[in-house]
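Chains as they are written, first to last, in the working numbering: chain F, 1 to 175; chain V, 176 to 426.
Be aware that a few hints might be false.
Unchecked claim - Pairwise CB distance ranges (calculated):
1. S74/F x V270/V: 42 to 50 angstroms
2. P146/F x V270/V: 48 to 56 angstroms
3. D35/F x V281/V: 52 to 60 angstroms
4. D35/F x F279/V: 18 to 26 angstroms
5. K46/F x R222/V: 32 to 40 angstroms
6. R210/V x K137/F: 47 to 55 angstroms
7. D194/V x S74/F: 55 to 63 angstroms
8. R222/V x R73/F: 26 to 34 angstroms
9. R222/V x K137/F: 17 to 25 angstroms
10. V108/F x P235/V: 15 to 23 angstroms
11. S74/F x P261/V: 42 to 50 angstroms
12. T198/V x K46/F: 18 to 26 angstroms
Hint data in this document are derived by calculation from the structure and do not stem from the laboratory.
Where is the CB? At the ideal position from N, CA and C, for every residue including glycine.
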Amino acid sequence: MPNASANFDQTILPHLEAAYNLARWLIGNERDAEDVTQEACMRAFKFFSGFRGGDARAWLLTIVRRTAWTWLRSNRRHEEAVEFDEELHGGEDHSANPEASLMRAGDVEVVRQAIAALPAVFREALVLRELEGCSYKEIADIAGVPVGTVMSRLTRARRQLQTALSIQPQSGGPS
Amino acid sequence: MNCQQIQRLIHAHHDRELDAANTLQVDEHLADCPRCFTATRQLSALRDVLQNPELRYATPSGLRRTISAAVERSEKSERETIFSQPWFQRLGWAVAAVLLIGCFAVLHLSTARNEDHLLADLTASHVRSLMANHLTDVASTDQHTVKPWFDGKLDFAPTVKDLRESGFPLLGGRMDVIDGHPAAALVYGRQKHFLNLFVWPASQASPAEIRSTQRNGYNVIRWSDGKMTFGVVSDLNEAELREFVRDWSVK
Numbered sequence: 001m002p003n004a005s006a007n008f009d010q011t012i013l014p015h016l017e018a019a020y021n022l023a024r025w026l027i028g029n030e031r032d033a034e035d036v037t038q039e040a041c042m043r044a045f046k047f048f049s050g051f052r053g054g055d056a057r058a059w060l061l062t063i064v065r066r067t068a069w070t071w072l073r074s075n076r077r078h079e080e081a082v083e084f085d086e087e088l089h090g091g092e093d094h095s096a097n098p099e100a101s102l103m104r105a106g107d108v109e110v111v112r113q114a115i116a117a118l119p120a121v122f123r124e125a126l127v128l129r130e131l132e133g134c135s136y137k138e139i140a141d142i143a144g145v146p147v148g149t150v151m152s153r154l155t156r157a158r159r160q161l162q163t164a165l166s167i168q169p170q171s172g173g174p175s
Numbered sequence: 176m177n178c179q180q181i182q183r184l185i186h187a188h189h190d191r192e193l194d195a196a197n198t199l200q201v202d203e204h205l206a207d208c209p210r211c212f213t214a215t216r217q218l219s220a221l222r223d224v225l226q227n228p229e230l231r232y233a234t235p236s237g238l239r240r241t242i243s244a245a246v247e248r249s250e251k252s253e254r255e256t257i258f259s260q261p262w263f264q265r266l267g268w269a270v271a272a273v274l275l276i277g278c279f280a281v282l283h284l285s286t287a288r289n290e291d292h293l294l295a296d297l298t299a300s301h302v303r304s305l306m307a308n309h310l311t312d313v314a315s316t317d318q319h320t321v322k323p324w325f326d327g328k329l330d331f332a333p334t335v336k337d338l339r340e341s342g343f344p345l346l347g348g349r350m351d352v353i354d355g356h357p358a359a360a361l362v363y364g365r366q367k368h369f370l371n372l373f374v375w376p377a378s379q380a381s382p383a384e385i386r387s388t389q390r391n392g393y394n395v396i397r398w399s400d401g402k403m404t405f406g407v408v409s410d411l412n413e414a415e416l417r418e419f420v421r422d423w424s425v426k
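The task is simple: from the sequences and hints, build the whole structure.
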């Protein structure tokens, strides 16, 4: 397998930024996100010979996501460490506190905090959709869930963000 | 569709993930329903906020290089480990052993085939010499007549010995070809038996030891003194033939 590493460099590493961004949003800090990204890339390289072309970014993001979740489970200091129960968290308004109304949506840090406050499965769906521009189908493949689940996770994630960032939906909606 | 159903679809509509039929229905509803239309406006507002490229975390500088290097290292060590793996080494030894055995087998086979070929040649020459009544080119019991006769006919000077005292009188000499080489054939008698002693320069493959074989009822003994190869063929029994060889070598 001559030049497997060069081939890997050209095929996979162009998607390193998407990989790091997802890892960083899931893990929550720079140092561990770097470790997770590197570990995911090494895993990708190990299985690179089995990669039959296709969407290299989606493939790498799938590995990053799995690596990140494994990391979260073995470092149980995060609430996300426990596999997310959507019924439990469903529709909860985490940011229904007085400060929420003071947040300014134009402030990058404020938006980041609001996203960071989302349950991890909502967060990964939102990051993949809004920050990485993935389609529902791609998100479904990466997260290993049906498209319908992706849809409902995105809906809930956005409602929570709207509340947190005081982009209130009009009252009278079903939510 | 009522507002509740539309509210469920506006995210997918907003993400342009709805099929054409549903998109049309949602569009129609939004045109007539200010409340749902406002909801889509709010989704757009949220998207505007999320579209800020600064929200993405920048990849730390050096991470790419670190990963590239790690990948290259892993590739190299993988290539090295395959050679140092016990199974690979064992496989290597096994392959080497098989090759070695194969070499010996081929060598042995080819030597055996050469040997076989030589024996056939010696026996055939012996038989021909008897059948064609062409036993000798120079009929003489005198070794000093026989030896010079070969001068100029061969590119070597064969030793000619008379073994009359041992019961193997010299009868004469003849030119022959053994294994593609010109050879001197010395003819000896033993009572009513004839012996053909073929002499030709030794090649490297010539065995130094005496080899005795039987072929088509004839006994053949081959040996070499390092310079010359000898092959004696006769219908004499093996014991007497060995006696001849011993006497020839001693004298």
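A quick look at each hint next to the structure:
1. S74/F x V270/V: 42 to 50 angstroms: Given a distance of about 43 angstroms, which is inside 42 to 50 angstroms, the answer is holds.
2. P146/F x V270/V: 48 to 56 angstroms: holds (52 angstroms)
3. D35/F x V281/V: 52 to 60 angstroms: holds (58 angstroms)
4. D35/F x F279/V: 18 to 26 angstroms: About 57 angstroms separates the Cβ atoms of D35/F and F279/V, which means 18 to 26 angstroms is violated.
5. K46/F x R222/V: 32 to 40 angstroms: Holds, at about 38 angstroms.
6. R210/V x K137/F: 47 to 55 angstroms: Because 30 angstroms falls outside the window, the suggested range is violated.
7. D194/V x S74/F: 55 to 63 angstroms: violated (41 angstroms)
8. R222/V x R73/F: 26 to 34 angstroms: holds (32 angstroms)
9. R222/V x K137/F: 17 to 25 angstroms: Once the Cβ atoms are compared, 19 angstroms apart, the range 17 to 25 angstroms for K137/F and R222/V holds.
10. V108/F x P235/V: 15 to 23 angstroms: holds (18 angstroms)
11. S74/F x P261/V: 42 to 50 angstroms: Distance hint for S74/F, P261/V is violated at roughly 32 angstroms.
12. T198/V x K46/F: 18 to 26 angstroms: Since T198/V and K46/F have Cβ atoms about 43 angstroms apart, the given range 18 to 26 angstroms is violated.
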